[in-house]
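If you're matching them up, the sequences are chains U and A in order. Start counting at 1 in the first sequence, then tack on 90, and there's your number in the working numbering. Start counting at 1 in the second sequence, then tack on 198, and there's your number in the working numbering.
Everything labelled a hint here was simulated from the structure, so no lab data went into it. In this text, all values refer to a predicted model and were calculated from it rather than measured experimentally. The beta carbon of each residue, even a glycine, is placed where N, CA and C say it ideally should be. Certain hints may be false.
[What the hints assert, rightly or not] With a cut-off of at most 27 Å between alpha-carbon atoms, the simulated DSS-like pairs for lysine-lysine come out as follows: (1) U:Lys415 <-> U:Lys392; (2) U:Lys329 <-> U:Lys398; (3) A:Lys208 <-> A:Lys236; (4) U:Lys286 <-> A:Lys500; (5) U:Lys398 <-> U:Lys342; (6) U:Lys345 <-> U:Lys329; (7) A:Lys313 <-> U:Lys342; (8) U:Lys415 <-> U:Lys218; (9) U:Lys329 <-> U:Lys342; (10) A:Lys217 <-> U:Lys273; (11) A:Lys496 <-> U:Lys286; (12) U:Lys273 <-> A:Lys213; (13) A:Lys313 <-> U:Lys329; (14) A:Lys236 <-> A:Lys361; (15) U:Lys342 <-> U:Lys267; (16) A:Lys361 <-> A:Lys213; (17) U:Lys273 <-> U:Lys135; (18) A:Lys213 <-> A:Lys255.
[What the hints assert, rightly or not] Far from chain A by the CB rule (all over 12 Å, computed), these chain U residues: (19) Arg93; (20) Gln154; (21) Gln162; (22) Leu198; (23) Pro211; (24) Leu215; (25) Ala229; (26) Arg233; (27) Lys267; (28) Leu284; (29) Met298; (30) Pro306; (31) Gly364; (32) Val369; (33) Pro380; (34) Tyr399.
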Amino acid sequence: MIRVVHYLNQFFGQIGGEDQAGVAPRAVANPVGPGMALQAALGSKAQVVATVICGDNYFAEHPQPATEEVIQLIRSFEPQLVVAGPAFNAGRYGPACGAVCQAVQSQLGVPAVTGMYPENPGAELYRKDIFCVETGPSAAGMRQAVSAMAVLGLKLAAGEVLGTPEAEGYLPRGIRKNTWAEKTGAARAADMLLAKLQGLPYRTELPMPSFERVSPASPVSDLSTATVALVTEGGIVPKGNPDRLESARASKFLKYSLEGIEDLSGAEFQSVHGGYSNVFANEDPDRVLPVDALRDCEREGKIGRLYKYFFTTTGNGTTLENGRKFGQEIALVLIADGVQAVILTST
Amino acid sequence: MQGEEFPFMKLELRKFTIKDARFGEVTGIEQGTLVINKQELVEFLNRDHSFAGVEVKLARPGEAVRIVHVMDAVQPRLKLSGDATPFPGALGPVEIAGRGQTNVLDGVAVLQTGKRQGIQEGVVDMAGPGADYSIFSRTINVVLLCTPHPATTDVEFDRATRKAALEAAVYLAGPTRPMVPDHVEVFDLGALENQAHNLPRVVYIYHLQSQGLLRETFVYGEHARELLPTILHPNEVLDGAIVSSNYIIACQKNPTYLHLHNPVVLELARRHGRDLIFAGVVIANEHSTLREKERSAKFAAKLAWQLGAQGAVITQEGGGHADTDLMLTCRECEQLGIKTVIMANEIAGAAGDLPSLVDTVPEADAVVTTGNNDELVSLDPVEQVLGGEDIAGVAGPPDAGLTIALGRIYAATNQLGATHLSIRGY
Numbered sequence: 091m092i093r094v095v096h097y098l099n100q101f102f103g104q105i106g107g108e109d110q111a112g113v114a115p116r117a118v119a120n121p122v123g124p125g126m127a128l129q130a131a132l133g134s135k136a137q138v139v140a141t142v143i144c145g146d147n148y149f150a151e152h153p154q155p156a157t158e159e160v161i162q163l164i165r166s167f168e169p170q171l172v173v174a175g176p177a178f179n180a181g182r183y184g185p186a187c188g189a190v191c192q193a194v195q196s197q198l199g200v201p202a203v204t205g206m207y208p209e210n211p212g213a214e215l216y217r218k219d220i221f222c223v224e225t226g227p228s229a230a231g232m233r234q235a236v237s238a239m240a241v242l243g244l245k246l247a248a249g250e251v252l253g254t255p256e257a258e259g260y261l262p263r264g265i266r267k268n269t270w271a272e273k274t275g276a277a278r279a280a281d282m283l284l285a286k287l288q289g290l291p292y293r294t295e296l297p298m299p300s301f302e303r304v305s306p307a308s309p310v311s312d313l314s315t316a317t318v319a320l321v322t323e324g325g326i327v328p329k330g331n332p333d334r335l336e337s338a339r340a341s342k343f344l345k346y347s348l349e350g351i352e353d354l355s356g357a358e359f360q361s362v363h364g365g366y367s368n369v370f371a372n373e374d375p376d377r378v379l380p381v382d383a384l385r386d387c388e389r390e391g392k393i394g395r396l397y398k399y400f401f402t403t404t405g406n407g408t409t410l411e412n413g414r415k416f417g418q419e420i421a422l423v424l425i426a427d428g429v430q431a432v433i434l435t436s437t
Numbered sequence: 199m200q201g202e203e204f205p206f207m208k209l210e211l212r213k214f215t216i217k218d219a220r221f222g223e224v225t226g227i228e229q230g231t232l233v234i235n236k237q238e239l240v241e242f243l244n245r246d247h248s249f250a251g252v253e254v255k256l257a258r259p260g261e262a263v264r265i266v267h268v269m270d271a272v273q274p275r276l277k278l279s280g281d282a283t284p285f286p287g288a289l290g291p292v293e294i295a296g297r298g299q300t301n302v303l304d305g306v307a308v309l310q311t312g313k314r315q316g317i318q319e320g321v322v323d324m325a326g327p328g329a330d331y332s333i334f335s336r337t338i339n340v341v342l343l344c345t346p347h348p349a350t351t352d353v354e355f356d357r358a359t360r361k362a363a364l365e366a367a368v369y370l371a372g373p374t375r376p377m378v379p380d381h382v383e384v385f386d387l388g389a390l391e392n393q394a395h396n397l398p399r400v401v402y403i404y405h406l407q408s409q410g411l412l413r414e415t416f417v418y419g420e421h422a423r424e425l426l427p428t429i430l431h432p433n434e435v436l437d438g439a440i441v442s443s444n445y446i447i448a449c450q451k452n453p454t455y456l457h458l459h460n461p462v463v464l465e466l467a468r469r470h471g472r473d474l475i476f477a478g479v480v481i482a483n484e485h486s487t488l489r490e491k492e493r494s495a496k497f498a499a500k501l502a503w504q505l506g507a508q509g510a511v512i513t514q515e516g517g518g519h520a521d522t523d524l525m526l527t528c529r530e531c532e533q534l535g536i537k538t539v540i541m542a543n544e545i546a547g548a549a550g551d552l553p554s555l556v557d558t559v560p561e562a563d564a565v566v567t568t569g570n571n572d573e574l575v576s577l578d579p580v581e582q583v584l585g586g587e588d589i590a591g592v593a594g595p596p597d598a599g600l601t602i603a604l605g606r607i608y609a610a611t612n613q614l615g616a617t618h619l620s621i622r623g624y
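For reference, chain U alone in the conformation it holds in the complex (with noise of 0.2 Å):
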């Protein structure tokens, strides 16, 4: 018998409507009002042993502690899955669900499953790391919700392997996973391009990912103090590739020395960069190191000093992974290091 906690707000918990949405979460040794029917489409497999219930409010306003909170309560019965809500369109008890599975996940290791609109801003926060069966906008569509969520949630807690969104019928989770289709990539896009044409229905094989953005640091108050570090995706490395920096799809960064250097020579310093013609870099490496421009903004006073080391690697068909790890080791030793800016050359 599988052991299952579903998880509730007050208004489902039946503990009131708006005027309790700020009660804290509590646990009831049993099935409460959606949990009558999550029982019954469990069947005979699985066990609601109990239920956890949050206020919206409370959860909305003490995200991380209501977590912690929920998620100690829910550990108390020792499920085997999770199943929070479903939440329909409701704007606080969405991301409440998806938080709740999310460290359910994480913190216990048990599967979870919940239910959303997809357009409860629930979905677009926590879609990407929990499964959320599609559901319509409002409780009545509890029935097929709720049976929906028991058949996905069985299959989770018996670690089966899913097949389609479309097929099992939670949100598509953005992770991009090669298939073959039935006709090349130039047939479909005539096919797609002729229904397009024609005003009828077609569907993009791949929707525009978001974007994190950086916000830039707020400008040095005076540079002709301050340590300015050189910084590339270029390639640049000492001739000869010693510690062989890949040309593309790099695995590492490296940090070599400028100490004494006036002047990047190309007798010395060459690009591996994959990603663009490298005779002018090889030429003259300063041409994607500016050392000789910052040695002369040096000795001009309109720095303090160029950073005694250079760190690089190759921007060409490098994982945003590792781009992001790269940048988050660099700006560690930089920072240790005392450096204020930085000067981040990109081809």
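Using the hints, position chain A against chain U.
Chain A alone, transformed into the frame defined by chain U:
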């Protein structure tokens, strides 16, 4: 005479189906088997002593062979008319491509291999799970390995190896001159143009990447680095107007072979007069600066508009800032009322959970994906390795079983849509 038989832009691809290849006394075709006099070919390619050495090897589908350091692939071809070559300008004089008769060794590719400074090469497995991915796992491959003299510069070596691959292609197709082809494919788009006025007019906007040595694409023998977008007839693409010398990452470059077989051109030509009017090809280079990219995108869209396009298929070559060219051209077309479908491959990380592109526009609402370069694939051990003795970034012997990113397999996620590979979102 020739002109009467052949309207100006009528092309006959006369195809000789090749089922096997071997080395022998006399270069020729014997009942579907390509026979190659290896010594004659080597001496011909190295007649000016451009190379320290030239090796020619064969790799057939199903053999436990791995080809590494693959730089370009070319199809053996011969132009029957006049002095023209099947790669005008890149080899021999400039003639307008896409007209007359061209003999084609169907099922054969010449693969140029070897190391280049700062380049990460492609891998082709002829058998095992890796063979599912590359179109060159299904061709009979004549594998060239040209090695430079110690004093040869990159510029000289690049020019010599490009010429050698094209010359090998013409040499291998040479014996077909008097022969009768197995079948003939005719491209005569003009003959259908006037029959179907109610069909939508579609253009193909074909981005090329030409950005410097070893990253060049040639149009009639000149690199496209400063190209202002221009118009090609579809037949010109299919008949050797575009030759690649772009060697960057295995799946982020369009081989000469795929320019000759551009799947988008073939598909739009196939549907011309039936589902659509194929109004032309606009070629546009992917430049290095944003200003040039904007100029190119606006100009390509304007040319599409001048051709009366209602729709456009847009492809790219390369990743990273090439995504910007793709997106800008998409946006410019949509703003002129030209509906677009764009094609791209993805860099979504090994787990498929990272952003797939580096640039996007909201107008790009119809995208065909040709696969995630970062997904890992496992390759079986092989008995023989051609083209080099190591694989960049892979420790251990090159003939071992390997797990590598799909994007390392030559043309696996090619950006012209030659294969059935796609991506499903989970």
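Hints broken by the structure, by number, lowest first? 1, 3, 17, 27, 28, 29, 31, 32
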